[in-house]
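A.B. asks: As a plain string of letters, each chain reads:
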Amino acid sequence: MERKTVHLKNQASNLTPGTKWLGKWNRNPYRIVKKLGYGATGSVYLVETRTGQAAVKIGENKMSLTSEINVLKHFSKVKGNVLGPSLWDVDDIEIGNETYPFFCMEYLKGESLLEFTKRKGVEWAPILMVQLLGDLDRLHREGWIFGDLKPENLIVTGPPARVRWFDVGGTTKIGRSIKEYTEFYDRGYWGLGDRKAEPSYDLFSTAMIFIQTAYRERFNKPSGNENSLDYLSRRISNMYPLSPYKKILLYALKGKYTGAQWMKKDVMAAIEARSYKRSNTKKITRSAHPVKKKARSGSNLRKNNRNKENSSYRVEIILTASFLFLSSILYFMGQWM
Amino acid sequence: MSGGKIRQILLLTDGCSNQGEDPAAVAAFAKEKGITVNVIGILEHGSAREHGMKEVEDISMAGGGVSQVVYANQLSQTVQMVTRQAMTQTLHGVVHNELRHILGEEQEMEDLPPDKRGEVMEVVDELGENISLEVLILVDTSASMKAKLPMVQEALSDLSISLNSRTGGNHFSLFLFPGKRKEVEKVLDWTPKINSLTGTFNRLTTGGVTPTGPALKAALYHFEKRQDRRSLIEYGEEDGPFEESGF
Ligand SMILES: Nc1ncnc2c1ncn2[C@@H]1O[C@H](COP(=O)(O)OP(=O)(O)OP(=O)(O)O)[C@@H](O)[C@H]1O
Ligand SMILES: [Mg+2]
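Protein chains in written order, with our numbering: chain R, 1 to 337; chain X, 338 to 584.
One chain only, chain R, in its complex shape:
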C-alpha cells in the first residue's frame, strides 16, 4: 500500500549510531551501526549483535510489526529458510519511558533491483525475474502470497547476483484478501482482477516489475476509455528489451499462469532462445534443442515472434559490426598520438 501519510517522528525513528540497548524480554545486547531505511511500519537499522552484524526493524507503534513477525516466524520453520530474511530475535526496546517492538533479522547487503539493472544492463532483468519466480513458486507452495511485490521490496545481493525480498508485512495466506499493495503492481488498480491472494496475483506484479525495469519509472493507467490490457501491451511493444517477453508478460497480466513455475519456464526458454540466436550464426536446428511437452503455459506462443526477432537480430549484427569498426579506428588514432 502506498502510504503518503506523514512519517511521524518518534524516538525509535532517529536512534544515533552507537546507541546500545538490551531487549526487554530476551536481554540480548544490540548496538546501532547506522540507519538503513524507514517505511510506513517502522525504521530499519544495521546493528552489531553478539554474533555479528544484523538488521533490526523497530516498529512505529505497539502492534505495527506483529503481522510481519508472524509471517517471518512461519518462514523460519520452513526447511532451508529461503523465503525471507532469517528471523533471529523478537523483542521490545525501551526508549525513555516508551516501549517499541522490534525484531532482528539477517542483514541483506546489496542494491535495489532498479539500480542494479540500470548499472549492469537490462539483460539482467529476465535473469533476476527467473530467480524471483523460483522463490515465488516456493512461497506459493508453502501457502502464501507475497502481495506487495515491488522493486522497493527487492534487493540484489552478491556477487553472485541474487534477488532477495524483505518487508514481508503484506504476505497473505492463499485464499484470503490482499491488504497491502501498491497501485502500479496491483491488478485491481488496472481493472484486471480482484485482490484475492492467489499465485496469479503475484505473477501480475512480477510482470509489472519486469516492465518497469525497462521504463525505470512507473506510469499511470490510461485515463480515457482505453482498455488497460491494450495500453500495457503497447507499453511492452514500445520497449525493445521487453519484446521477446511480450507474450509471457501479457499472459501473466491476464492472470493466465496458474503457477510461478510455468512463467519461470517460459522466461527461461525465451532467454535461451535469444542467446542461442545471438551466439550462433549457423541455422538454428530446432531438433538439437529438445522442447519438452508444453504445459498450458505460453511457451509455444513465442514461435510467432520468430520472424520479427530474426530481423531485429540482423539490426543488432549491423550495430555490433559498426561499433567494432568505430572502436578500432579510435584505437588506431590513439596509437598515433
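These aren't lab readings, by the way, just hints derived from the structure by calculation. Hints are supplied without guarantee of correctness; some may be wrong.
Claimed, not checked - Which chain R residues stay away from chain X? Per the calculated CB distances, all over 12 Å, these:
| # | residue |
| --- | --- |
| 1 | G52 |
| 2 | M268 |
| 3 | A273 |
As the list claims (entries may be wrong) - Derived EDC-like pairs: lysine to aspartate or glutamate, alpha-carbon spacing no greater than 20 Å straight-line:
| # | chain 1 | residue 1 | chain 2 | residue 2 |
| --- | --- | --- | --- | --- |
| 4 | X | K342 | X | D526 |
| 5 | X | K453 | R | D91 |
| 6 | R | K173 | X | E466 |
Every residue, glycine too, gets a C-beta built ideally from N, C-alpha and C.
Position chain X with the ligands against the provided structure of chain R, taking the given hints into account.
C.D. replies: Coordinates of chain X with the ligands only, in the frame set by chain R:
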C-alpha cells in the same frame, strides 16, 4: 461490532457542514450504537490544507473511527485503507475486551510478551477476513465536490474490489447529500457490490448547502431500519428522514 457484524459509516466530504445539527454529536451517538464513523476529507489541489479539515477529525474521533485527509487522486487507496484500518481497530477492541475478561482489568495489550501479541493478531486477521461487513457510504455532493465526483466513484468501485476479495460477506449502501428535495438522498440500498454505481454520479446535480449532521442521522436511521424492522413504526414506513432516489 454487533451480532457478528461490523457496521461502519464512511463519510466523504471536502469541508464544512453548514446546516443542521453538529455532525460530531451524531457521530458520537452512532458510536454508542456500535456503528463506527470514518471520514475522508478531500482536499482541493492547491488549497490550504487546514480549511474544513478539523471537522473531519472531530467527526471520526467522536464516531470512534479513522480519518484521513487526501487529494482526490489518492482516494482509491485511501478509501480501502481507512475501511480496513477501522475494521481492524474494531476487532482489536473486541479481542482486547475478551482478553481483559480473561486476564484481568488492568492487563493491556502492550504488556503481553511479543509471542502472545502475535497470536492476538492472527485472531484479528482471521476475523477480519471472515466477518460480515456493512458499510454505509455517505457522499457530500455540495457544489465544491462536483469535479471530484468521478474520482469518488472510482474509489468506491475499488473499495468494492478490495472488500469482495475477502471471504466474509459485504453490504454497501450509498447516500448523497444534499439531495434533490430533502437533505439526504438514498441512491443505493443494501447490496453486495457497488459496481452498479456506474453513471450515478454523472447525472447528479450538485447542491449548495452541506447538511452533514442530518445526513449522518439519516444514515443511522437506515442502519436501524435494517437492524430492527419493528422500530419503523416510530417513524412510519413512508416517511423516513431521507428521500428515495429515482435512479
Ligand atoms: N533485512 C534487511 N537488510 C538490509 N536492509 C533492509 C532490511 N530490511 C529492510 N531494509 C531497508 O530498510 C528499508 C525499509 O524497510 P521495509 O521496506 O521493511 O519498511 P516498511 O516500513 O515495511 O516499508 P513499506 O513502506 O515499504 O511498508 C528498506 O527499503 C531497505 O532499504
Ligand atoms: Mg518496503
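A.B. asks: Take the hints in turn and mark each one as holding or not.
C.D. replies: Hint check results:
| no. | hint | verdict |
| --- | --- | --- |
| 1 | G52 | 23 Å, holds |
| 2 | M268 | 31 Å, holds |
| 3 | A273 | 37 Å, holds |
| 4 | K342(X) with D526(X) | 18 Å, holds |
| 5 | K453(X) with D91(R) | 12 Å, holds |
| 6 | K173(R) with E466(X) | 11 Å, holds |
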